[in-house]
Each structure stands twice: as structure tokens, then as C-alpha cells.
Amino acid sequence: MRHDGGYEQLKQGLTMSRSDIVNKVKNSGLRGRGGAGFSCGLKWSFIKPDEKRPVYLICNADESEPGTFKDRYIIHHDPHQLLEGILISCYALNAHTAYIYIRGEFPVGAKILERAIEEARAHNFVGKNILGSGFDTEIYVHRGAGAYICGEETGLIESLEGKRGYPRIKPPYFPAVLGLYMCPTIVNNVETLCHVKHIIAMGGAEYARLGRPNNTGTRIVCVSGDVQRPGYFEIEVGAVTMGQLIYEMAGGLRPGRKLKAVIPGGSSAKVLRADERFKLKRRQTDGSTVEREISIDEILMDFDSLTAAGSMAGSGGVIVLDDSRDMVWVLNNINEFYAHESCGQCTPCREGSLWMKKITDRMLRGGGVVEDPETLKTIGDNIAGRTICAFGEACAWPTQSFVEKFSEEFAARAQKPVPPPLPPEYTPEELIERDEISIAPLARDPGWEKAGTAGTI
Numbered sequence: 001m002r003h004d005g006g007y008e009q010l011k012q013g014l015t016m017s018r019s020d021i022v023n024k025v026k027n028s029g030l031r032g033r034g035g036a037g038f039s040c041g042l043k044w045s046f047i048k049p050d051e052k053r054p055v056y057l058i059c060n061a062d063e064s065e066p067g068t069f070k071d072r073y074i075i076h077h078d079p080h081q082l083l084e085g086i087l088i089s090c091y092a093l094n095a096h097t098a099y100i101y102i103r104g105e106f107p108v109g110a111k112i113l114e115r116a117i118e119e120a121r122a123h124n125f126v127g128k129n130i131l132g133s134g135f136d137t138e139i140y141v142h143r144g145a146g147a148y149i150c151g152e153e154t155g156l157i158e159s160l161e162g163k164r165g166y167p168r169i170k171p172p173y174f175p176a177v178l179g180l181y182m183c184p185t186i187v188n189n190v191e192t193l194c195h196v197k198h199i200i201a202m203g204g205a206e207y208a209r210l211g212r213p214n215n216t217g218t219r220i221v222c223v224s225g226d227v228q229r230p231g232y233f234e235i236e237v238g239a240v241t242m243g244q245l246i247y248e249m250a251g252g253l254r255p256g257r258k259l260k261a262v263i264p265g266g267s268s269a270k271v272l273r274a275d276e277r278f279k280l281k282r283r284q285t286d287g288s289t290v291e292r293e294i295s296i297d298e299i300l301m302d303f304d305s306l307t308a309a310g311s312m313a314g315s316g317g318v319i320v321l322d323d324s325r326d327m328v329w330v331l332n333n334i335n336e337f338y339a340h341e342s343c344g345q346c347t348p349c350r351e352g353s354l355w356m357k358k359i360t361d362r363m364l365r366g367g368g369v370v371e372d373p374e375t376l377k378t379i380g381d382n383i384a385g386r387t388i389c390a391f392g393e394a395c396a397w398p399t400q401s402f403v404e405k406f407s408e409e410f411a412a413r414a415q416k417p418v419p420p421p422l423p424p425e426y427t428p429e430e431l432i433e434r435d436e437i438s439i440a441p442l443a444r445d446p447g448w449e450k451a452g453t454a455g456t457i
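Here the sequence shown stands for residues 1 to 457, where the numbers follow our numbering.
Hints are not guaranteed to be accurate.
Stated by the list, open to error - No farther apart than 27 angstroms at their CA atoms in a straight line, the calculated lysine-lysine pairs in the DSSO-like style are these:
| id | residue 1 | residue 2 |
| --- | --- | --- |
| 1 | Lys26 | Lys52 |
| 2 | Lys163 | Lys111 |
| 3 | Lys52 | Lys11 |
| 4 | Lys111 | Lys11 |
| 5 | Lys416 | Lys377 |
| 6 | Lys260 | Lys358 |
Keep in mind the hints are simulated off the structure, nothing from the lab.
The model shown is predicted, which means the values in this text are computed figures rather than measured ones.
Starting from the given sequences, assemble the full structure and let the hints guide the process.
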């Protein structure tokens with residue numbers, strides 16, 4: 001731990017002013033690695049320097065996004081890097097309590113963290129009067145119960161307080177103002193906090209030289225799906241293209257297969273077709289911008305480039321799909337996950353995610369009707385932007401993009417005519433022609449006798 005240079009940046013950080021650390025993180029350009037890509041330094045600056053209430057730091061280790069598995073790797077292989085980042089961050093924020101909220105399905109990771117905390121405590125890196133600085137901080141590991149929604153920061157806070165993991169309405173419940181126990185709270189991802197120690201070691205300006213402007217540093221991307229060498233790869237942000245990542249780092253596709261699509265930022269990111277052309281603006285050295293048309297292989301793996309291509313970098317989970325994949329099946333697999341994981345608080349998400357799954361289920365069973373693709377799009381359009389948290393977009397964007405990008409496959413699965421809205425015995429024409437309809441088969445139900453004269457409605 002210590003003989004490898006561990007906790008040297010903590011020692012350095014404890015000699016600095018809190019504002020200096022926050023400014024270093026700001027100047028580094030570090031953006032959150034958990035999905036949203038929000039500026040870490042800006043988020044920290046929301047905490048008032050003279051805050052009288054307790055300040056809390058929460059490490060979000062509730063890694064549940066399909067296609068993403070980097071945080072588990074960090075916890076298993078280098079937990080002390082994470083703890084050092086947490087401790088430096090606590091000092092910068094004047095937070096005396098930190099929680100690591102870890103996914104319930106990571107029992108081994110939770111034990112590793114508990115052991116690492118005790119090892120750090122034995123060297124006076126955690127607890128009272130850390131390294132004689134007069135600063136106290138405790139770190140607690142809290143296991144979740146398996147809910148994907150608790151990866152959303154306010155849902156996580158609700159769960160940490162012992163309540164159902166319902167996301168809070170923002171405003172007013174921004175965590176930096178009204179977070180854990182209604183006190184100022186900063187929630188950062190595992191990988192984000194690991195970068196803090198390196199920013200202290202390198203300095204904010206030096207760290208910012210890695211990557212591209214507004215896309216600084218390094219990040220871990222997880223490549224899964226139809227590649228020969230799936231895994232996690234640390235890359236300089238924006239220094240690697242999609243093609244280099246897939247064909248050089250991840251070993252390319254299986255023999256005889258062609259690239260069909262890529263989901264570049266975890267399951268909630270919009271899918272990109274392999275044969276698409278993308279118009280992206282690039283800033284030149286003289287400050288001017290030039291628009292270029294590029295292929296999917298030329299897209300830089302950074303926040304801004306993937307957003308400009310119509311998707312997002314998200315949590316860094318790159319899912320590769322070759323030409324053997326049935327896109328209706330792929331979407332149904334994603335829909336099944338989101339229908340199961342909706343917390344149920346918002347009607348558009350609760351009802352819409354389930355209906356999207358039911359429709360793609362029906363299409364796979366051969367019962368798709370001609371209106372299904374348009375119905376799927378309409379449902380997705382009525383979820384996104386109409387929910388308390390971003391889960392609405394997470395479950396809607398895959399459906400919206402798959403139906404749009406692979407319309408021919410969805411149309412092929414939706415060939416049946418639309419069925420009549422009512423069974424034949426109750427068609428509107430029959431109701432007009434007849435004043436009475438026999439309900440003899442239902443006469444055994446005593447409840448019908450209470451409804452009126454037997455045999456009529």
C-alpha cells in the first residue's frame with residue numbers, strides 16, 4: 001500500500017488549502033465518469049466554504065448499467081486508490097463522513113472495501129486526526145438491495161436514509177443543497193474519485209493536457225458484445241477512435257462478421273448504425289471550426305464527439321453488435337431490463353417501459369401488427385422529458401433510436417393487420433342493432449344479478 005506510493009497525495013493534500021484542491025480539480029477539467037459527464041470541480045464548488053451544516057460525500061459504486069463493469073474492477077484490484085481519492089475529496093469539501101454505496105450484487109467488493117478501510121485506519125489514514133492534521137473522517141460501506149434506480153444520486157440518497165429508492169424532485173432537492181439528511185452532499189462515481197489523487201499529483205493544468213479540450217484526462221471504457229477480446233481499457237479521452245477501440249484494442253469482430261451497430265455509452269445510450277455518416281465540427285489549432293463528414297470508425301471516444309454523433313459517452317460501456325444480431329431481439333432485451341428496473345414513481349416511465357417490453361415481446365413471438373413500430377416511437381416520445389429523473393430518457397432513448405435506425409427490421413416483424421378493438425360479439429354495430437345482448441354464459445356469476453334485470457344490460 002505505502003511502499004507503492006499509496007496515500008502520498010493524501011499527505012500532500014492535507015498541507016494544501018481546501019480551496020486550492022477544489023481549484024485544481026476545476027482546472028483539470030475532470031468530468032464525471034458515471035454517465036452524465038458533469039464537471040466535478042463545478043459540482044464541488046456548490047458547497048459553501050462557510051457551510052455550518054454537516055457535509056457528506058457519497059461514492060456511487062452502484063454500478064448497474066448493462067455493458068458497464070469498470071468500477072467493480074477498480075474496487076477488486078485497487079481499492080486504496082479509491083479510498084485515497086475519497087479522503088482527499090472529504091478534506092477539500094470539509095466532509096467528516098463518507099459513504100461508499102455499493103451494489104448489492106457485489107458482496108466480494110464490499111468485503112474488499114471493508115478490509116481496505118481497516119488497513120487504512122491502521123496507518124492513520126482514516127479516523128481521528130488523520131496524519132496529525134487535525135482532520136477527522138470516517139468511511140462507511142453501505143450495500144444496496146439491487147435496484148438500478150439507486151444509481152441515480154437522489155434515489156441513492158433515499159435508499160441510504162433507509163427509504164424506498166425514489167428519486168427526488170430537482171429543484172429543490174439538489175444534493176449539494178438538500179442531500180443526505182437534508183444536508184449538503186456531493187455524490188461522485190468510483191472512477192471520478194480515483195482521478196482526484198492523480199490531479200493532486202500532476203496538478204490541474206498538467207492533467208488537463210491529457211485528452212482534448214473539455215474532454216480531459218483518461219477514462220476506462222468497457223467493451224462487450226461481438227468482439228474477440230472484450231474487456232476494460234484505459235484510454236486518453238478523445239485520443240482513440242471508435243475503430244481503434246473495436247479493431248485494435250478489443251481484437252475486432254468474429255471471423256466473417258461485419259459491424260452492424262454500436263451502443264457507445266451503456267444500454268441507455270442511443271444506438272449508432274455502422275453504415276451511418278456523421279457530420280461533426282472539429283476545432284482547428286487557429287480556433288476556427290470545420291465541419292467534417294465521418295464514419296462510425298472515425299468518431300473520437302469523448303463526451304462531445306459522441307454527443308454530436310447523436311448518442312453519448314455515458315458510463316463508458318461500449319456494446320458492439322455484428323450483422324448476426326436481430327435488432328428487435330436486442331431492443332427487447334434492453335426493454336426487459338428497464339421494465340423490471342423502473343421504480344414506478346412516475347406514470348410515463350412505469351407504464352411506458354412495460355408497454356414497450358410487451359410490444360417487442362409480441363413482435364418476437366410473431367404477433368407484431370403494422371402499427372407497432374409507430375406505437376413504440378410514440379411511447380418513447382411520451383416518456384423522455386416527462387419523469388422526475390433521467391431514467392425516463394434511459395428507457396426511452398434505446399427504443400426511439402432502434403426503431404428509427406433499424407426501421408426495416410421492425411417493419412418486417414410487424415406485418416399483421418391491426419385487430420379489431422372489441423371482440424365480434426360486442427362490436428359497435430351489434431350494440432346499435434340490438435337493445436339486448438344475451439349474457440347466459442355469465443349467469444352463473446351472482447354479481448350480475450345485482451346489476452339489473454337478468455339477461456339484459
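Do the hints match the structure? See the list:
no.	hint	verdict
1	Lys26 with Lys52	holds, 23 angstroms
2	Lys163 with Lys111	holds, 24 angstroms
3	Lys52 with Lys11	holds, 26 angstroms
4	Lys111 with Lys11	holds, 26 angstroms
5	Lys416 with Lys377	holds, 18 angstroms
6	Lys260 with Lys358	holds, 25 angstroms
Violation of the numbered hints given earlier is absent; every hint is satisfied by the structure.
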